[in-house]
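Novice: Fit chains G, D and W to the supplied structure of chain S, relying on the hints for placement.
4 protein chains.
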Amino acid sequence: MNAIKDSVHDWIPLDPVATALLDTPPVQRLRHIKQLSTVRLVYPSASHTRFEHALGVYHLAREALTHLDIDGERARHVRAAALLHDVGHGPYGHQTEDIISRRTGRDHDEIGALLRETDLDTVLEAHDLDPGRIADLVAGEGELGQLVSGELDVDRMDYLVRDAHHTGVPYGTIDHGRLLRALRYRDGSLVLAPGNVQTAESLLLARALMDGTVYRHHVSRIAGAMLERACERLLDDGLDVETFARMADHDLLVELRERVPDLGSRIERRNLYKRAVWAGLEDVPDGIAEMTRKDERRAAREIAEEAGLDRDSVVVDIPSRPALKESRTRVIVDEGVERLETASELVGALRRARRAQWRLGVYCPEAAIDEVEPAAKVVLGLA
Amino acid sequence: MNAIKDSVHDWIPLDPVATALLDTPPVQRLRHIKQLSTVRLVYPSASHTRFEHALGVYHLAREALTHLDIDGERARHVRAAALLHDVGHGPYGHQTEDIISRRTGRDHDEIGALLRETDLDTVLEAHDLDPGRIADLVAGEGELGQLVSGELDVDRMDYLVRDAHHTGVPYGTIDHGRLLRALRYRDGSLVLAPGNVQTAESLLLARALMDGTVYRHHVSRIAGAMLERACERLLDDGLDVETFARMADHDLLVELRERVPDLGSRIERRNLYKRAVWAGLEDVPDGIAEMTRKDERRAAREIAEEAGLDRDSVVVDIPSRPALKESRTRVIVDEGVERLETASELVGALRRARRAQWRLGVYCPEAAIDEVEPAAKVVLGLA
Amino acid sequence: MNAIKDSVHDWIPLDPVATALLDTPPVQRLRHIKQLSTVRLVYPSASHTRFEHALGVYHLAREALTHLDIDGERARHVRAAALLHDVGHGPYGHQTEDIISRRTGRDHDEIGALLRETDLDTVLEAHDLDPGRIADLVAGEGELGQLVSGELDVDRMDYLVRDAHHTGVPYGTIDHGRLLRALRYRDGSLVLAPGNVQTAESLLLARALMDGTVYRHHVSRIAGAMLERACERLLDDGLDVETFARMADHDLLVELRERVPDLGSRIERRNLYKRAVWAGLEDVPDGIAEMTRKDERRAAREIAEEAGLDRDSVVVDIPSRPALKESRTRVIVDEGVERLETASELVGALRRARRAQWRLGVYCPEAAIDEVEPAAKVVLGLA
Amino acid sequence: MNAIKDSVHDWIPLDPVATALLDTPPVQRLRHIKQLSTVRLVYPSASHTRFEHALGVYHLAREALTHLDIDGERARHVRAAALLHDVGHGPYGHQTEDIISRRTGRDHDEIGALLRETDLDTVLEAHDLDPGRIADLVAGEGELGQLVSGELDVDRMDYLVRDAHHTGVPYGTIDHGRLLRALRYRDGSLVLAPGNVQTAESLLLARALMDGTVYRHHVSRIAGAMLERACERLLDDGLDVETFARMADHDLLVELRERVPDLGSRIERRNLYKRAVWAGLEDVPDGIAEMTRKDERRAAREIAEEAGLDRDSVVVDIPSRPALKESRTRVIVDEGVERLETASELVGALRRARRAQWRLGVYCPEAAIDEVEPAAKVVLGLA
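Residue numbers (the numbering used here), protein chains in the order written: chain S, 1009 to 1391; chain G, 1009 to 1391; chain D, 1009 to 1391; chain W, 1009 to 1391.
With the rest of the complex left out, here is chain S (with noise of 0.2 Å):
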């Protein structure tokens, strides 16, 4: 059997079904997509991309399939579905996904219709595996989807240690060992066995701790909302949203540069905005928490207008509230199956906790801050 050599989980055995994955033209564009997009502008060693989290993915969900013993052809298409379970991202991750969500109709994990036009379908048919299978398992449908996509999937399981390893932020080295010896089944779900509540609250805590210091960091941030509003003048003037979704980051550096050049060469080159307005819950009215994108942008228009600035010298970006999604996990306690959030006193405080470090960010070139800050209180009503 091949191996390949992993920087986290040291040599990944390769199966004949991976083997012939890897090698075609969707999976090999995920090594031209970071894994944390704008994250490395502020952790400079976190360039990994998607194509190794892909084989990280693949190799938890050998190990976790056989702690399960699940085996036979049921295990070969969780394996395929864990290694294509990010194929359907565009450029930059998760950074585009809303823009590509919202034109499409399709988020990044409906594969279906991908798997057909790339022909990796022929690929799995050829090794007896049903595409649509493998599209509704990356959907997290069925009992082994939960798996590849769910509170305890092996997905999150990667990406904690992983992004820790290459962030080299410690928070999220999790025990993935002890987890995935403790999965189990019952009635259809995917539970924890019993004396696991803190080892559910481990993971957690180790997403709670990445959010704060790595994935919601303020610079991190200002890129990424720099390069979403970069990207929707990009299909604005024009270019399709498929051809969009299938470019890699590579490209998308280049058309941004030349499209949109100021937002473009800014991003580039680190050359980020700075922070005009940074308001907790607390100072924002009612509302504002909820707006989507498009207000987004109108809200940064009119701050522009009122600041007496180029539209595009403005970003608001209001992240939406904490899902918290690990909350659900479930656990066996006292032989029966409790949710994580009722079994574990820290849910609710998390829930608090991330409520208090919500901030909205309004950004402009710091030039600009004098003239921002006070049009875009006005625009959003803040305190």
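Source of the hints: derived by calculation from the structure; they are not laboratory data.
There may be inaccurate statements among the hints.
What the hints assert, rightly or not - Below, a list of computed lysine to aspartate or glutamate pairs in the EDC-like style, where the Cα atoms sit at most 20 Å apart:
#  : chain 1 : residue 1 : chain 2 : residue 2
1  : S       : K1302     : S       : E1314
2  : W       : K1333     : D       : E1353
3  : W       : K1282     : G       : D1031
4  : G       : K1282     : W       : D1031
5  : G       : K1333     : S       : E1353
6  : G       : K1385     : G       : D1320
7  : W       : K1385     : W       : E1310
8  : D       : K1333     : W       : E1071
9  : S       : K1333     : G       : D1320
10 : S       : K1282     : D       : E1353
11 : D       : K1282     : S       : E1353
Specialist: Same frame as chain S, but now just chains G, D and W:
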């Protein structure tokens, strides 16, 4: 300057005082005292010693002082205190702390007398250091004492990462570089710079997860309780407590095997008692959780009698309520200084979580469980 | 002082010059140049960049200077040079070094002109640094230049550990702390203190093992040779070499795909040529190993003709003889200074070992191997 | 299946035999025998034990067997032998190996009698394992014995990475995953698959660098030689060698302090002798390097007399010529099987390098160096 290789902090440079102190018998003795006493019966790689921990604390103290811009003789006192902070420990460290303190009235961080008796004072004075100030620093007194022993001390920062490294349990891998960089003095108190509520939380969470998984693992607790019982026997049989307090692990292990053969051999060979009772706070009558060690022993004796067993065949283990000392960490928030318990939603939840994890244990040889369980319920009035 | 998180050296403190230099376009460009060009096609985690490497070299330079007790403006010049030592690299770093050097007559470590053209000189002068001295240091000139570029430079110390960390191949994990502590100046030469022959050997061996396993892995060599060929085409088709030299990886990848579509797409999708010939020195006629790049291209063209193929379908790859620069490391032995090649038995053996590992490669599409192999043997006169 | 957490290999799953064997006194005793005896006096983090090493070897044996596609009762015997391979060690492991072997005529890997005397045979038979076959495997006999004890054994693969992890010296971090994947059987011999000359070299080099830096560090050698001398005294004074051989480290440390007080206390407190003589092969008359331990002791006595000192005040330490066992590793090269010493240029050079590193030591209390040095030169006929 000399340097010594450490598996956690890599090369640790040694100033002349440190070089001189390392060669003294009280510091060399720390080579023979394991950092985690009975934990290595659960995590076999955890054989590390208080000697390497002392070096690590010395190293982090120097880094903290540099970041705080403290040098000269104040810094030299703090560094020496860091290196010496654990010389007052008895064999098996924390495990014999209560026994020694009850019989001598002296805590392990009261090292004034020890410095004199072991001629450490001469070494210190030869380097123009004041033994009295060193003793005060080790006891956590004064502004600088907080660095050596306090909520934000370098002791904690070293043991969390070191115990994680040696057990293999990743939960303790805090970002000590971030903590050290965030240290400030404000009105004589050691605090964290603005923007570090989550940094403080990460320390608290690392400690909480290590507590549940490592420090309070039930197998380590059983071995620890057996060890304490055996030590009490040794002292009751006439061993002088001062001699006992100056022993190292190997001395105690041999002494126990020879003078308390049953328990001694069991500890040496990891032939441990098992849990006859493992009860949470809700199953325990009022007052039980506050029982003293003396009460514990009397209860164990009564249970043994009730079960028709030899008195050493039953061990009762009632842990103290978790102190959560880290919750008193001070952080600068909006120009003011707040305790973490005020600034963070997590502290209250962690307190409740740890309350829910609290367990009273009654242990005995496996063959005696059927007799001991009902006897214990009667004697302790358990539900 | 600012600090930046690195996955290899943890927190790297930044002096004001470094902070200013990091924000300039030529240094930000290094974020877009991978450290190991095509190696990541073999080791998928190796996506790290020259930007993080530059930070690492800067960090080790500061540590080396501290150990050597060098401070003031001399130290400030060395640190700035360390940070800038790679700004002269073209896209894909070492892979395009020869091409650029042949067409411009300028090596990547000649950065004098670059400093002026990019206004880096202004930034340097604003911090009282002399751009000319910086350029000399980067070129390895003078006593201090040896720290930046020489047999014992901090460049090497950083890339070995960093490449090990990111590929997952442990061979490069040298003990840089030991090396830095052993650095001395003796009669203007950078040497290792007495007792360090083995320390010097460890560096040499780490490099040799990484060469065989990572840097000269045959798959990376194939991709690299294809890339070089494609770049030559680009330049032959009229792209200005100065424009080419200032590109970053993403620019080149897009440019190649658009202007040299076959090779460009193959590189992007890792659809690589295979080995038609893989011959050791004993199978190669005299003179072949000394062929220039121009000779290589002519031979490839002849082989393609002979095999009846398009000229870009054959790539000839003749590596230079391994230089083993580390063998010239100076070590103090018995009061005198010796070159490692004199002091160590291993150097000669390593030279012979590397000679034995030398391979000439002829690559082509998999389907053409049967035609290319005999044609290559004829044209190159192979055994 | 049970699993145990290891700081090197993470979770190690335990089969029922392993679980049963771990609970026996001879295996539990390994918790009290340090892997690197006196090395921890130089590298303070190196307190790891033969117990965790035994688990590691067991783990790698299982992985090797899987890669070699060996299962069933053959595999079960090998795994049990791997776990038990070190139970024959005396206190302080290799340090007392010669003493025990000279007085009992039994090497540490002859465990047949031990299995019977300690009832390990009963445990083995209860799991349908043949104690005789286990003993043969531990002695390296037969095809499968090479996996447990041979040039390519899993013992070596574990201790190199484990000792690197615990000392902090990176030289031992081999790529055991690569080695395990390359194992093959060819005509009854364990060999490495084609293309692995460098893999074999990396093992040899890791061992050579660890030897110089760790295993044969002069301070560890001094402490080791003092320990051997003290043990000889203990046995001469009437301690039964079988009792001695079954001691653990803590037993020996207490026994030495009580019965050989001067040397015993010095070892316990790291109050070590210093080097009076440190001579290379070129300064030593013929025959000296071949002296037996008995010769060593006689020479030490003569030197002490000549210098007018107590006989225990001088210790002579003449290391054996380095065996370089790894040089006999077999690798498949061009379809045939070659020994590494034939296939690799490095072996000869390493042999010469190690010959150049060989040192004879004469040690004594620091105050006696001026008397001992000339006396030693006279007695040993040194240049």
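Novice: For every hint, state whether the structure bears it out.
Specialist: Hint-by-hint comparison with the structure:
1. S:K1302 <-> S:E1314: holds (18 Å)
2. W:K1333 <-> D:E1353: With Cα atoms ~19 Å apart, K1333 (chain W) and E1353 (chain D) stay inside 20 Å; holds.
3. W:K1282 <-> G:D1031: Between K1282 (chain W) and D1031 (chain G) the Cα gap is close to 14 Å, so the pair holds against 20 Å.
4. G:K1282 <-> W:D1031: holds (14 Å)
5. G:K1333 <-> S:E1353: Status holds; Cα separation ~19 Å.
6. G:K1385 <-> G:D1320: The hint holds at about 18 Å.
7. W:K1385 <-> W:E1310: Holds - the C-alpha atoms of E1310 (chain W) and K1385 (chain W) are around 11 Å apart, at most 20 Å.
8. D:K1333 <-> W:E1071: violated (39 Å)
9. S:K1333 <-> G:D1320: This hinted pair is violated, its Cα atoms lying about 49 Å apart.
10. S:K1282 <-> D:E1353: Outside the cut-off at roughly 58 Å; violated.
11. D:K1282 <-> S:E1353: violated (58 Å)
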